[in-house]
Amino acid sequence: MDASSPAPDPLLLPPVITGLVLLLVLVVLRGVGLVLFSRHRCKGRNISADSDTPGEAIASRLAHIGEDLFRWTGRAAALVFVATALWALTVHVVGRRG
Numbered sequence: 001m002d003a004s005s006p007a008p009d010p011l012l013l014p015p016v017i018t019g020l021v022l023l024l025v026l027v028v029l030r031g032v033g034l035v036l037f038s039r040h041r042c043k044g045r046n047i048s049a050d051s052d053t054p055g056e057a058i059a060s061r062l063a064h065i066g067e068d069l070f071r072w073t074g075r076a077a078a079l080v081f082v083a084t085a086l087w088a089l090t091v092h093v094v095g096r097r098g
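In terms of UniProt numbering, the sequence shown opens at residue 1 and continues consecutively.
Mixed in with the good hints, there may be bad ones.
[Stated by the list, open to error] Quick list of simulated restraints, FRET-style, between CB atoms:
#1 I58 / R97: 52 to 62 Å
#2 I58 / L79: 26 to 36 Å
#3 V16 / S38: 28 to 38 Å
#4 G31 / R97: 35 to 45 Å
Quick caveat, the hints were computed from the structure, so don't treat them as lab data. As the structure is a computational prediction, the values presented were derived from the model and not from experiment. Note that the Cβ used here is the ideal one computed from N, Cα and C, for glycine as well.
Input sequences plus hints: build the corresponding full structure.
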């Protein structure tokens, strides 16, 4: 009898790898969003109120997109984590039943 721990279930690799890849993509997107809006001081969601020149208008719009991206990826990461956990649990239960 082998005293080591049981081998991991090979059926769990696809959901775990998929979840990790999706979380990595969301981390990169969240970082980009943070960089885009981190130094922007907006005066609301009205871009024309944030800018006097076309360059400031573009920077303001990118900052608002970055802010939305940053907020959206936090919720998306939680959803990916829960979906991956449910998928892995389902695969594990079905794999044990045969």
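- Item | Broken hints, by number | As far as the earlier hints go, not one is violated by this structure.
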